[in-house]
Amino acid sequence: MPGDDSIIDIRNLGLTFQTADAPVCALSDINLQIGAGEFVSFIGPSGCGKTTLMRIIADLEQPTAGSIKVNGLSPREARLQRSYGYVFQAPALYAWRNILRNVTLPHEIMGTGRSEAERKARKYLDLVGLTGFEKKYPWQLSGGMQQRVSIARALSFDPQLLLMDEPFGALDEITRDRMNEELLRIWAQTRKTVIFVTHSIDEAVLLSTRIVVMSARPGRIIDVIDSPLPADRSLDTRETAAAHELAHRVRQGLRAGHSYDGH
Amino acid sequence: MPGDDSIIDIRNLGLTFQTADAPVCALSDINLQIGAGEFVSFIGPSGCGKTTLMRIIADLEQPTAGSIKVNGLSPREARLQRSYGYVFQAPALYAWRNILRNVTLPHEIMGTGRSEAERKARKYLDLVGLTGFEKKYPWQLSGGMQQRVSIARALSFDPQLLLMDEPFGALDEITRDRMNEELLRIWAQTRKTVIFVTHSIDEAVLLSTRIVVMSARPGRIIDVIDSPLPADRSLDTRETAAAHELAHRVRQGLRAGHSYDGH
Amino acid sequence: MATKRPGFLSPRGRLLPVLTVVALIIVLWYGLAICLNRQQVAERLDGLGQPWGISDLIAGTWSMDRPVLPAPHQVAAEFWKTTAEVAPSSKRSLIYHAGVTASATLVGFVFGALLGIILSAGIVHVRTLDRSLMPWIIASQTVPILAIAPMIVVVLGNIGITGLIPKAIISMYLCFFPVAIGMVKGLRSPDLLQLDLMRTYNASAWQVFWKLRVPASLPFLFSSLKVAIAISLVGTIVGELPTGASAGIGARLLSGSYYGQTVQIWSALFMAAFLGMAMVYAIAGIERLALRRMGAQ
Amino acid sequence: KDALTLQLKWVTQAQFAGYYVAKDKGFYDDVGLDVTIKAGGPDINPSQVIAGGGADVVVDWMPSAMATREKGVPLVNIAQVFQTSGMMLTCRKDSGIKTAKDFPGRTLGVWFGGNEYPFLNWMNKLGYKTDGSAGGVKVLKQGFNVDPLLQKQADCISTMTYNEYWQLIEAGMKPDQLLTFKYEDEKVATLEDGLYTLEGTLKDPAMVEKLAKFVKASMKGWEYARDHQDEAVKIVLENDETGAQTEVHQKTMMQEVAKLLGNNPKGTGWLDETAYEHTIDTLMSGGSDPVITKKPENAWTHDVIEKSQKL
Amino acid sequence: MASPVLKRWLLPGLTIAILITALLLPVGYYEDDYAFWWQFPLSALFIVIGILGAVLGAVWGPKPGPGGIWAFLGPLILLLASFGPVLLPMAELDIHLAGSGIWLAILGLLLFAWQIMQHLTRQPRSLLWAILVPLIFGLCLIYLWQAIVVGFEVPQVLLPSPTQIVQAIIRNWPVLMDDFRQTFLKAVIAGFILGNALAFITALLVDRIPFLQRGLLPLGNLVSAVPIVGIAPIMVMWFGFGWESKTAVIVFMIFFPMLINALTGLAAADAMLKDLMRSYGAGYWQTLLSLRLPVAMPFIFNALKINSTLALIGAIVAEFFGSPIAGMGFRISVEVARMNVDVVWATIAIAALAGSIFYGLLAVLERAVTFWHPSYRSQ
Ligand SMILES: Nc1ncnc2c1ncn2[C@@H]1O[C@H](COP(=O)(O)OP(=O)(O)OP(=O)(O)O)[C@@H](O)[C@H]1O
Ligand SMILES: Nc1ncnc2c1ncn2[C@@H]1O[C@H](COP(=O)(O)OP(=O)(O)OP(=O)(O)O)[C@@H](O)[C@H]1O
Ligand SMILES: Cc1ncc(C[n+]2csc(CCO)c2C)c(N)n1
Ligand SMILES: [Mg+2]
Ligand SMILES: [Mg+2]
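Residue numbers (our numbering), protein chains in the order written: chain L, 1 to 263; chain C, 1 to 263; chain V, 1 to 297; chain A, 1 to 311; chain R, 1 to 379.
Just so you know, these hints were derived from the structure itself, not from any lab. Treat the hints with care, since some could be wrong.
Derived lysine-lysine pairs resembling DSS-like cross-links, with alpha carbons at most 25 angstroms apart [unchecked claim]:
1) Lys101/A - Lys174/A
2) Lys135/C - Lys274/R
3) Lys251/A - Lys91/V
4) Lys129/A - Lys93/A
5) Lys152/A - Lys186/R
6) Lys120/L - Lys192/L
7) Lys259/A - Lys174/A
8) Lys187/A - Lys294/A
9) Lys211/V - Lys120/L
10) Lys174/A - Lys152/A
11) Lys91/V - Lys129/A
12) Lys211/V - Lys135/L
13) Lys123/L - Lys211/V
Turn these sequences into a full structure, and let the hints guide you.
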């Protein structure tokens with residue numbers, strides 16, 4: 001477990017949305033440290049604040065309580081250093097750019113040369129299985145394909161911190177497995193810090209070094225589970241006993257988290 | 001297997017999209033009959049044409065080849081008889097209506113009395129675990145919550161034919177299980193015809209009376225599997241041997257379908 | 001998100017409906033001409049002291065020198081006479097006057113559109129400007145331009161600026177407004193997620209502007225440009241009124257009106273209308289090109 | 001050559017023939033002047049132009065010039081081109097109006113924009129209210145043309161002897177269908193087209209010299225126009241940038257305008273002091289709302305025209 | 001990028017430096033010699049107050065905090081300081097070229113005002129600040145106008161000063177109100193309602209009937225390009241001199257903006273939302289009411305706002321072409337010719353005020369109706 005070298009350091013964090021009727025307490029009393037090179041998955045009931053927490057980390061939302069440091073800096077400063085690659089829960093593609101140019105967008109902004117940008121974009125589009133669709137526009141793609149474009153876009157510019165909000169939710173099992181493998185490979189190669197939201201316990205187990213289980217309303221962390229699985233993994237790792245046991249523990253936590261909100 | 005009483009009768013159906021560069025052949029040579037009261041799941045790689053097929057059934061897209069009959073009528077006529085309840089892949093909520101009024105929308109259109117509409121809306125909102133959010137606006141909800149609103153909306157007005165495009169994709173496992181149970185219960189009670197797209201093999205196995213496996217580019221049906229599982233099911237049905245075997249067969253089909261598009 | 005244009009500009013199968021509507025309008029017009037001119041013709045016929053019938057009346061209403069409403073063929077004849085039968089460089093040619101008006105309109109439009117875009121960019125980016133400037137932009141448009149048009153012409157004339165510039169300034173004053181308002185809306189139209197994406201890249205305001213706000217605002221831009229160029233033309237013509245006897249469609253309207261030359265007024269009006277339509281279509285054409293390049297649905 | 005700018009009160013038409021003739025026939029060149037003639041229009045107020053420095057000399061009517069003078073723009077009349085007024089009120093006979101006594105309750109079209117003063121004085125003299133109250137006359141702000149009369153929207157409208165009256169005739173009305181009230185006859189006439197400049201300009205002897213040259217050439221132009229009307233009309237038409245004026249109309253206008261030049265024994269353009277006094281009296285007798293409240297001082301001078309006659 | 005410290009102090013520093021420099025420079029020419037601030041101690045005192053204010057503002061201003069006393073104190077000090085240059089011309093100085101001190105002081109005060117506006121903009125949203133910020137901005141414009149007109153002795157007939165305009169408003173209040181009733185309450189309101197309603201109904205028809213869409217719209221473009229100055233005389237000819245002809249002109253003028261915007265709006269609904277309606281087998285009117293109208297609302301309000309200003313201009317302009325002897329357009333054209341330019345501007349000021357309030361009401365309504373639109377949500 002990370003000590004001082006933690007890349008993300010969240011203390012007593014809370015966020016309450018002011019809405020027209022009653023305020024919504026989305027997050028409450030969150031404490032978490034994430035070390036460099038970790039792969040942390042968040043799992044929890046729908047509406048428990050996973051997206052909100054990610055948004056706070058990426059400086060897209062301001063906490064109303066507590067503090068957060070990214071790399072020792074405020075999220076804002078980290079954002080100014082272009083540390084984040086964010087895959088949103090929805091694809092967020094630009095309707096007036098074709099697929100290729102959607103992926104080269106971050107490169108344009110960060111000033112990568114055009115040919116280099118295109119090379120990388122093509123490489124990652126191929127990785128997500130979308131070669132041949134470079135010239136299409138977003139509305140000509142299926143939901144899963146759009147989400148894959150968004151993944152290629154986030155991976156392609158090699159950010160220090162990868163924030164992925166249910167990136168594989170709209171994919172079929174096989175494609176998803178393939179994506180999981182690629183992500184494992186990329187992570188193994190680069191040891192980027194990845195923060196990952198998923199609803200699939202198997203996926204969380206397969207990918208993570210740590211799994212954070214959350215409960216709903218107000219969103220709280222109810223369990224943080226260190227993965228006992230070896231660093232070197234493949235899809236088959238899921239079938240090991242250790243993995244099964246881990247999955248069981250996550251499921252228990254999830255169930256506990258659910259029981260919070262009286263359903 | 002249904003004979004003449006089939007509620008949906010698809011013959012040699014095909015659809016090719018004309019795009020600025022090359023035409024995209026989304027569906028090719030689809031043949032399928034679906035009987036009244038069946039629960040048919042479609043499963044297949046991302047981009048294989050599942051959404052497109054659903055859209056054709058609901059008269060939102062016109063096939064370029066073949067024919068389709070719904071209840072012996074054209075999809076258009078069936079639509080005008082208000083036979084469809086469609087849950088889109090994305091939530092498709094109206095930003096200017098609060099949650100409750102998003103759910104009462106179909107009732108307003110079909111002329112249900114106001115109090116009756118609200119009663120139903122509240123009932124189904126409760127069913128999807130969103131009591132207390134009636135007065136919120138769509139952008140104040142998490143992705144999964146929005147999708148649940150959309151599900152409540154489709155269920156609440158009791159359509160003859162339920163078309164659901166990855167309705168539970170954005171939900172966590174527990175919520176998803178609960179939704180699955182509810183859907184099973186509703187289906188057992190009403191014996192509605194349900195057409196269902198999912199990426200989860202387990203989900204398809206649990207819910208369906210028939211599973212259609214598709215392959216990508218061009219989208220084809222490569223396998224239609226009748227479920228041997230009993231009509232009376234619960235979540236535990238997934239753990240039976242029959243279910244495991246069925247899941248295995250679907251997985252095989254899916255894998256075969258994937259191998260079509262040279263990845 | 002990108003708004004779909006109504007398909008009315010597509011050339012496909014437009015001729016028949018247009019001709020039908022035009023035919024309808026012409027029939028109505030002849031009828032209206034009878035109604036409006038009837039009284040004067042009847043008086044004149046009475047004055048002649050001979051018995052007259054309905055056909056005399058109708059013929060009379062369609063051939064008056066100074067009708068209340070000239071008949072279409074009279075306008076067409078005048079239009080033909082002043083466009084085809086005189087050299088385009090002659091002062092009696094409507095084409096010459098249209099040219100004078102068009103040049104001032106275009107200059108005013110270009111500067112007005114630029115001003116509108118710059119103002120909207122400022123308003124969207126500088127919050128203080130949004131709060132402080134916006135109400136005054138609106139107030140500026142409630143100043144009746146014709147009231148200050150002579151003052152502008154006079155004041156500028158005093159410092160030696162005459163001819164095209166004063167007119168262009170008036171037209172600019174009128175047309176920057178729809179562009180500014182439309183573009184403020186347009187530049188603010190990207191949804192939150194798209195803006196958030198840019199934020200995660202730490203894109204500069206400049207980059208967000210060019211890569212997100214501007215493309216997202218193009219549908220708004222073009223619809224306001226179409227309104228703006230029509231208004232710009234009106235502005236120029238208004239600017240031509242106080243300068244009185246100079247050239248341009250406005251001067252033509254004025255003198256026609258002053259001497260009761262109804263037929264001349266109507267043909268000048270038609271010229272103005274054709275000019276305006278040509279300009280609106282030019283913008284619609286550019287819009288189509290631009291939106292196609294952006295892969296619109 | 002010395003440059004000089006003249007601002008007209010209205011659009012290019014035979015009303016201003018003298019200046020165009022002088023320019024075209026080279027009379028201005030002869031006296032060493034380079035004159036720019038700026039046409040006016042409905043919203044060009046010559047006094048405002050001269051106050052802003054946009055012209056050296058303007059053609060204006062005395063009521064508005066004197067009103068402007070009270071507003072602090074020190075206009076001075078240096079020549080009075082039209083000796084008599086051409087303004088009248090023209091009524092339809094079929095409206096039933098026979099004399100001025102029939103006006104109450106009628107709708108009368110009036111030009112505003114500085115041209116309404118003589119009318120208001122007249123009504124004041126007759127004791128008719130113009131503010132729309134009962135027992136008074138109903139006043140319309142008459143626009144550019146004679147349509148209100150043609151379409152019976154008004155019972156009477158303002159016309160000029162040289163212009164609108166003939167437009168009515170051209171529009172098909174017969175003279176015997178019309179009844180005219182000349183302001184001259186009603187004794188409420190005021191002086192019309194005259195040349196005005198700023199007091200400050202006259203303090204400079206060199207400028208006075210220049211103006212004298214200008215007046216000389218202009219009067220020569222007027223006399224030429226009076227004597228060669230067809231040629232003058234042609235010149236006017238050539239100078240009309242709108243290309244909308246018709247020859248027929250301008251010829252009639254030229255004829256009528258020539259009459260207004262009068263034949264003052266002291267020469268064309270000489271301001272007659274009694275006519276001036278009469279105008280001022282009329283303007284000051286405006287009842288509750290006189291055009292000017294105090295007698296103007298030094299509002300005219302004969303210096304320039306005298307000098308011009310000595311050149 | 002500039003360091004934050006530089007960024008923080010640049011503007012305040014500049015302001016203070018300019019104001020102090022201004023104090024050392026001559027303020028005008030008096031009896032053949034330069035005059036300086038210290039010869040006018042009262043004016044100088046006000047400027048010194050301004051400098052102190054700018055210093056205080058530099059220290060307190062940027063500090064966050066709801067309201068903050070600086071939000072109230074700042075405008076107050078600004079108001080006081082602005083008296084400095086205003087008092088000077090009363091001493092019958094010749095300012096316009098010699099008064100570099102006065103012009104520099106005005107520049108400094110404007111910069112100071114900008115900072116106060118910036119500070120107020122950062123305050124939490126409330127009606128007070130929403131009004132105060134544009135108010136200060138407007139006062140600055142008016143102040144500058146006054147300074148230039150007085151300082152450069154611009155003749156009243158070209159451009160009266162704001163104080164003269166205010167005097168004219170007070171002097172002519174009853175007349176101006178009559179004009180307002182005639183033009184705004186009769187012609188503008190009627191024309192605005194009628195024109196927008198007609199255009200909207202036409203948009204519905206055109207949207208509904210493809211034949212019209214193809215037949216009428218190209219002609220709509222044609223008609224829209226007809227200038228009002230051509231239409232106005234004709235309308236006066238047809239509808240008489242009263243307000244009815246003005247209403248007709250307004251209808252004509254605002255028709256096109258509403259038509260185009262309404263059509264764009266009606267076509268703007270998201271494809272998936274339209275599909276949802278289709279899947280319910282919703283009829284035309286149901287889709288219209290539940291989906292297309294709400295989506296069209298931002299566009300419709302866009303047109304309404306543009307039209308609110310066009311309507312006023314249209315009515316005023318139309319009155320130039322014939323009117324009874326009341327009305328704002330009548331007043332303007334008549335008083336221009338009478339060289340009562342102050343009355344002209346008084347009328348313009350009233351027109352601008354009425355138009356702005358009209359627009360403001362529409363904006364408030366828009367916010368209430370289209371609260372869900374991202375352009376409001378983001379703030
Ligand atoms: N802009 C907002 N205004 C008000 N409430 C909000 C807003 N955004 C989110 N919320 C509320 O905050 C809570 C957490 O939302 P969040 O999107 O973080 O959930 P999540 O864990 O990502 O859920 P899911 O798995 O469904 O995406 C929800 O109850 C939601 O209603
Ligand atoms: N409007 C369109 N124009 C052109 N091509 C389209 C269009 N809509 C879909 N397609 C293409 O049709 C194919 C099938 O798309 P569809 O949305 O039906 O896939 P899907 O099976 O629903 O995939 P997913 O599971 O990712 O949602 C894809 O290759 C897509 O690119
Ligand atoms: C709007 C308008 N105002 C005044 C007149 C009156 N008028 C007739 S001739 C002439 C020129 C001056 O000598 C003038 C002012 C008009 N016809 N139209
Ligand atoms: Mg989420
Ligand atoms: Mg799909």
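Against the structure, the hints:
1. Lys101/A - Lys174/A: Measuring from Cα to Cα gives roughly 24 angstroms; hence the hint holds.
2. Lys135/C - Lys274/R: The hint holds at about 24 angstroms.
3. Lys251/A - Lys91/V: 20 angstroms, holds
4. Lys129/A - Lys93/A: 23 angstroms, holds
5. Lys152/A - Lys186/R: 24 angstroms, holds
6. Lys120/L - Lys192/L: Distance ~18 angstroms between lysine 120/L and lysine 192/L Cα, so the pair holds.
7. Lys259/A - Lys174/A: 22 angstroms, holds
8. Lys187/A - Lys294/A: 21 angstroms, holds
9. Lys211/V - Lys120/L: 20 angstroms, holds
10. Lys174/A - Lys152/A: 15 angstroms, holds
11. Lys91/V - Lys129/A: 46 angstroms, violated
12. Lys211/V - Lys135/L: 18 angstroms, holds
13. Lys123/L - Lys211/V: 23 angstroms, holds
Violated hints amount to a single one, hint 11; each of the other numbered hints is respected by the structure.
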